[in-house]
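Participant: Whole structure, please, built from the sequences with the hints as guidance.
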Amino acid sequence: MTFRCLFILIASLTACDAAAKQTLTVLTAYHEEVVAQFETTFERDHPDIDVKIIWRMPHDALPYMQQRNQGGVDVYWSASLHNYLQLKQEGAWQKMKLDRDGLPEMLGVMPLIDPDGFYCATEMAGYGFVVNPGYLKNHRLPEPKTWQDLIDTRYSGHIALPVPSRFGFAPLMIDSILQQYGWERGWALLSELAGNAQLLEHNRSFITDVVGSGELGIAPSLDFFANSARANGAPLQLLYPEPVAYSPAHIAVTASTRQPQAARQFVEFILSAKGQRLLFHPDIRKLPVRPAVYADKPEGQFDPFEAAVLHSPVYDPSTALPRLAVQNALFDLFLTERHDQLKPVWQRLHELETQNGRSDEMLAEVRHLLTAAPISLDLASDISVQQNFEKRIKDADADMQAKSLENTWRSDISRNYQRAEQLLAAWGH
Amino acid sequence: MSLLICLFAQTAKSDNAWVTDDVSREAFAQIYTGVGKELSDLALQGRNIFRQSWVIPPALDIDSAGLGPLYNQLSCLGCHPKNGRGMPPETPDQMMRSMLVRLSLPGSNEHGGPRPHPVYGDQLNEQGIPDIPGEGRVRVSYQEIVRSLPDGETFHLRRPIYTFTDLQYGPLEPEILYSPRIGPPVFGLGLLEAVSDSAILQLAERGRQQGVNGRPNWVWDGEKQHKTIGRFGLKANVATLKQQIAGAFIGDMSITSSLHPTENCGLFQTVCQQAPSARQPELDDRQLKAILTYLRLLQVPAKRAADDSKVQRGERLFVSTGCAVCHTPSLQTGEFPELPALSQQTLHPYTDLLLHDMGGELADGRPDFDASASDWRTPPLWGIGLVKRINGHSTFLHDGRARNLMEAILWHGGEAQLARKVFERLTSADRQNIIHFLGSL
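Heads up: the sequence lines are chains A and B, in that order.
Each residue of the first sequence is one higher than the one before, starting from 0 at the first, in numbering that gives the first Met the number 0.
Each residue of the second sequence is one higher than the one before, starting from 0 at the first, in numbering that gives the first Met the number 0.
All clues given are correct.
Cross-link-like lysine to aspartate or glutamate pairs, in silico, EDC-like; alpha carbons within 16 Å at most:
#1 B:Lys387 x B:Glu25
#2 B:Lys81 x A:Glu32
#3 B:Lys36 x A:Glu214
#4 A:Lys20 x B:Asp165
#5 A:Lys96 x A:Glu267
#6 B:Lys81 x A:Asp282
#7 B:Lys288 x B:Glu222
#8 A:Lys51 x B:Asp92
#9 A:Lys20 x B:Asp92
#10 B:Lys36 x A:Asp208
#11 B:Lys387 x A:Asp282
#12 B:Lys387 x B:Glu406
#13 A:Lys51 x B:Asp130
#14 A:Lys87 x A:Asp113
Facing chain A, from chain B, some residues (calculated, C-beta under 7 Å):
#15 Ser52
#16 Leu73
#17 Leu76
#18 Gly77
Hints in this document: simulated from the structure, not taken from any laboratory.
We put the beta carbon where it would ideally sit given N, CA and C, even for glycine.
Facilitator: Right under this line is the structure:
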């Protein structure tokens, strides 16, 4: 064999001095397939900057950023509004001096930039209904247009509903229903929806697998799960309700960064037309916050700014954040724990309600017993209650308080469901 | 691109359960489900582990903690995007994202394998956790060369030149041996594992009768503590898929397992040695089994466009030029008690799983057990026609130097030189027919 090539390789071994490169450390929870697109494109445009990615889920990112020197992080880029708010209170961010020409401040009631300029939205994910068109056709099911549509009995047994305490994206989605319909009507809708649905309690399967495989036909979810799977060939479609609620992701530069210039360049790149267009990539499929780039959107891509003209978003995630822990616990007590009991009761009630369109006081009472919100909005908004549920993992006292409240709610719910069953039994069903 | 559209349009349904007719961008990620719920669920867990990004310890998410202190990538997917092929950097300034460089010193270790560098180990880890710099950088540039064929057609090839920079633990010795490696596709590995040793030996014997000196790589099996036939890795230097997975976890991400219980820190890398670890092992046996099951159950893409006349002619030429001697079209799995569904299956991998001398131009200069400096294991060709669609590039060979399939063929030397010469003497149209055929795999 010839060793000419080998000689060239060995001759090049002497370490040579390359131009000094800066390393920009970015903390994110974006999936590898998302990060890789931005990392490669940014480094191609900025050969003097290496991007080092540190990956953490939001709950794990917060303590990491609270370390000395903020763990060496220069830029935080993630879908976790809670962390941005919390870290803002702790003085963790630098003010961003950006040219925001072409970047709106709001979408409906949802802000796209921190009013004090410490962080801003880089993309949005819309909550919608992942559907399998073939499944809908085979079962002769119409496309749902609103959350209200999903409680139609025709959808019974065809819906997969993610349990918010098990799926990271689901708590804000559930809260968007409560904001859109109001606390009382929202919980009533959720109960009836759960009666139509199979609850997904574990995270091993992707929602898109359940619907894509044809196991079930509809699953409320984030749009990019479905759009990305669809762009990669899965038989799925995402239907956006009217109006749409969005989960924004944000970006911020740390107060302790030693690379302010590189950090600013990275943020500018993410918000630039080039960076925003990357969100259309088949492996990403998220919604840009720069309206002009939708002129280049792939076929079938949703435009939230266009949709907002007809149905302005009524959901602000910052309103939801303080009550999410209470809400997750409520959902589990009200719907998850007793789903086996709840589902047949709803089915029986629906049967009776549809018999010759009858309306009856007893049926109204059963409906009330199944849909009554476990607690009032006032109690769910009580700061001490919220903190007990938020801190319960680390604080035994808080956990005890939370459990005490849960026991009361559990008893009330149990009593209501039993009474509903008794009333239906008395009717002869 | 028009070729691919044509091929997809003519896709025929496969009747082999281990073959998927999926031609979407998820075609390399289809799981065989005929193994019952328990194994299917385990494979789904494995899929999540394969896709997850690992985090620096200490961390609240203990199941995914353990990255570093020194590493190349955060996730398996980083080097095997969409379960497919990685690619080299496009410019010397770019980091290696789905590629790495193996290192060793001349000589061999106590089991006959490469002798790792005492400080840098057997692989340059370009990245480090905060406060621990990566070991160094490898910059890739290319020298353009021209190859003229007998009919006058010329092709430009690019020869890679590697430069080590920013070495944090001192210069590398002049005699250092190194080997750049692109992350290869990971589907179909269960089927390759289920091919029996005797079948591989028979292929070697058959090759000898046809004048080709393919041979197995006899490597050290650390679990069984004896030498056995290697079949994984670009030089067939790893005996089992489990060992391949555990080796990638420790080598690429510094994640310990029961097979590699100590962190990937070399002598004198004291800061690395003192960095916090996650639980030990960081990849527990349950997770290792899940990812092993996932990779074993990944299906392979079906051959497409069987009715296309160009593909049919290309296939005949592929055989007549001698390419099919090493790129063996069909193999049969043996008994595979660890996952019986893999037993007695007919597969079409276009590999003989043997080492072949590929000549000086492709040599990496780094022996690995019985593999010489210029030996490489015949890579499977299944799915090769979908790489561009799924991975967004068409770079091939162990270091990604070939920018398309034509260049990949023209780099073949050593035992493959004769077949390459025959290929070069074909008409331009027939050379394209072979490319059409490869595109249908």
